[in-house]
Amino acid sequence: MSAVSQGTAVSNGRFTRVLIHVTLLVFALFYLLPLFVMLVNSVKPLGEITGGNMMALPKVWTIQPWLEAWSTAQIGVQPTGLRPYFINSIEMVVPAVAISTLMGALNGYVLTKWRFRGDTVLFGLMLFSCFIPFQIVLIPMARLLGLMGLAGTVPGLIFVHVVYGLGFTTLYFRNYYAAFPTELVRAAQIDGAGFFRIFTRILLPLSGPIIVVTVIWQFTNIWNDFLFGSSFSGQASQPMTVALNNLVQSSTGVKAYNVHFAGAILAALPTLFVYIVSGRFFVRGLMAGSVKG
Amino acid sequence: MGFLDIANVTKSYGAVEVLHRVDISVAEGEFLVLVGPSGCGKSTLLNMIAGLEGITSGEIAIKGRAMNGVHPSRRNIAMVFQSYALYPNMTVAQNITFGLEMHGVPKPEREAAMTRVAAMLQIDKLLDRKPGQLSGGQRQRVAMGRALVRNPDVFLFDEPLSNLDAKLRVDMRTEIKKLHQSLKTTIVYVTHDQIEAMTLSTRIAVMNKGYVQQLGTPKDIYDTPANVFVATFMGSPAMNILPARVVMQDGAPHAAVIDAAGQTRHLRFSQPGMAGWAGREILLGIRPEAITDPEGADRKSGNIQHLSNTVVVTEPAGADTFVTMTLSGRDVVGRMRADVTVTPGQSFGFTINMDKAVAFDPDTEARIAP
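Sequence lines, in order, name chains C and Y. The opening position of the first sequence corresponds to residue 1 in the numbering used here, with each subsequent residue numbered one higher. The opening position of the second sequence corresponds to residue 1 in the numbering used here, with each subsequent residue numbered one higher.
The hints are simulated quantities; they were obtained by calculation from the structure and are not laboratory data. Just so you know, not all the hints are guaranteed correct.
Here are a few chain C residues that face chain Y, going by a calculated C-beta distance under 8 Å [as the list claims (entries may be wrong)]:
id : residue
1  : 179
2  : 183
3  : 191
4  : 192
5  : 197
6  : 200
Computed footprint of chain C on chain Y, listed as stretches where at least three residues anywhere in the stretch have a Cβ under 8 Å from a Cβ of chain C [stated by the list, open to error]:
id : region
7  : 18-30
8  : 77-85
Here a beta-carbon is modelled for each residue, glycine too, at the ideal position from N, C-alpha and C.
With the sequences and hints as input, model every part of the structure.
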């Protein structure tokens, strides 16, 4: 009366199970170590860091470094804290993600459902743009932004990130829509829906999973970008990443490590937030029932 | 001029012509089935009627209005797809009314039309469900509801039953036929299943390799197939085709065939005109149901030929028993009564109803007689 094997490769006796869990736990702790160091040191007074152990829990708990990093720390020449740059980043990342995702979806729709002569070549070229290194784009892009009068502005940064992200978003949506049954589009055509109505009423409502993937990808990339941010932004349009660098670099005298740690966590929070929130909507099976599988 | 006119229509992809000069005129209320093996061009033709594929040359007209270049939504047609193509993000009700909404029909009218169709197809309990929550047969009904609600001039069906299991397919077939009888709509229906074609249609177009091989009523197609392809494609089991020589005996043309023992046997023709083929080779076509045991022979036939031959295989199929013999080197299947007693290897007295025989030219494979 032995139980049917569950089909795992290794035997799942008690000892093996404990061994696996202990190993996983050790690795998890190891990977969490940097986060632990950052969190712990961002809530202790500077004296405890310079005079003691980086790994130790704070003797005196304080949120002062966080407040300082947010609103009063010296960034470059101004004691503004990271707040205005955080806002810059939000103002940049939200439209850039929205525009590049929407355009990628439209591109994918056209490339799969409204095929035309040369569409595969065009798609190949767009795919190629994914592999162009950032550095190659810098100088032509600077010139272009200058000509458009967008140099050193947040809209300029949005433009750069939309252009650079388009290759990826198109790739994602094209591959998603390639598996999308063309009969649905034909049925909608016969029903009288036009190009945009088919897109907004049929395709977009069924694009949840790929939209989430694209948004996570684009948000993370654009938020974390440093090179474009430092190359194309002016004093007033610097994104968070550049400001964080300035915070760390510009401190005169004693380095306020606790403030730096707090600032770094602040800079990382939005991507973490997007991942946790939208990851929950990353569900499969939205296509179920459209056609017989 | 018919209700739906397909005149001299061809379709080419680049230099390759996939559909050659199709000419079909469909009258109002007719049920035309396009049948053929995969790749014969039947779905392409249907898509051209729907406007989903362009017409290379020729003209398609509905109610006398040329449809070349007219957008699918402006042809007043409705289509049921093989995969049903229900919008998965919408409920059954939204699926059915989407087309009306796109055509700007006011909401109360949409609701009324939907209620009427839902009641007709018995899907009124499913209106709030999503397609993913429906069974195959229910999805099929919704797909038909979506077509019916538009009240179109022409219904187009693209292999609508091929995704259903065997029993459900037969039920839905009957329902489609009932629907056609009560609504008297014009239907063009594509299938590769010859039984669907026979049972549903008022006329059949048998297609192969981009040509319409024969256009006619189911009885025409079955009894007087235009060529060997049509003869063997329609009917199950397929019509037996065997080489034979036409010989004159007692002043009447006979088909000379060779039995399992190597003896030449003569089967008298009752078809006129066969005397002209005396001395020449032909292909003789005999349907399995024209080869029976003596008790099962058609009493109304004026020309029953007896032939004793060795039984090769017997296949009891419940209602009938299929018995195979060898004639002129080919396996020839006969359809016997279920309770006939035959065993493989024995010599058995077959009766052949030569009234139902068909002769084909061995070179062109076209029908010579009847």
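Right, here's what the structure says about each hint:
Because the beta carbon of residue 179 (chain C) sits about 13 Å from the nearest beta carbon in chain Y, more than 8 Å, this interface hint is broken. Look at residue 183 (chain C): its Cβ gets to within about 4 Å of chain Y, closer than 8 Å, so that hint holds up. For the restraint placing residue 191 (chain C) at the interface with chain Y, the shortest Cβ-Cβ distance is roughly 4 Å, inside the 8 Å limit, so the hint holds. Evaluation of the residue 192 (chain C) hint against chain Y yields a held restraint, the C-beta minimum of about 4 Å falling below 8 Å.
Among the interface hints, the one on residue 197 (chain C) holds; its C-beta lies about 7 Å from the nearest C-beta in chain Y, closer than the 8 Å criterion. Evaluation of the residue 200 (chain C) hint against chain Y yields a violated restraint, the C-beta minimum of about 11 Å exceeding 8 Å. Given a C-beta distance limit of less than 8 Å, the hint that chain C covers the region 18-30 of chain Y is violated, as 0 residues qualify and 3 are needed. For a cut-off of 8 Å, the count of residues in the region 77-85 of chain Y with a CB near a CB of chain C stands at 8, and the three-residue condition holds.
Hint violations for this structure: numbers 1, 6 and 7, all remaining hints satisfied.
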